[in-house]
Amino acid sequence: MANASIDLDLHLIERAKELTGESSSEAVVKLALRQLIASHQKGEMVSGIAELSDLEVQLGSPVIKPISRTFD
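The opening position of the sequence shown corresponds to residue 6 in the working numbering, with each subsequent residue numbered one higher.
Where hints are given, some of them may not hold.
Claimed, not checked - Computed Cβ-Cβ distance ranges for the label pairs, DEER-style:
hint, residue 1, residue 2, range
1, Leu57, Ala7, 30 to 40 Å
2, Gly65, Met6, 45 to 55 Å
3, Ser52, Asp14, 25 to 35 Å
Quick caveat, the hints were computed from the structure, so don't treat them as lab data. All residues carry an ideal CB built from backbone N, CA and C; glycine is no exception.
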């Protein structure tokens, strides 16, 4: 793993520590980077799914829509 020196807003780091329960700045930054990457990948997957057309024909089987649930 490479070491990097970056300037960070200490108020943001402290707030992130409070919110996440992490005890070190390094842990907060690693968590933030992982979350950013995961969020981006999730967006790409959703976009990819949204672009699918004729899925039923391509799969050769019926596509069943999920049951809509309401929570009281």
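Quick rundown of the hints versus the structure:
1. Leu57 x Ala7: 30 to 40 Å: holds (39 Å)
2. Gly65 x Met6: 45 to 55 Å: holds (46 Å)
3. Ser52 x Asp14: 25 to 35 Å: Hint holds: Cβ distance 31 Å, inside 25 to 35 Å.
Checked against the numbered hints listed earlier, the structure breaks none of them; every hint is satisfied.
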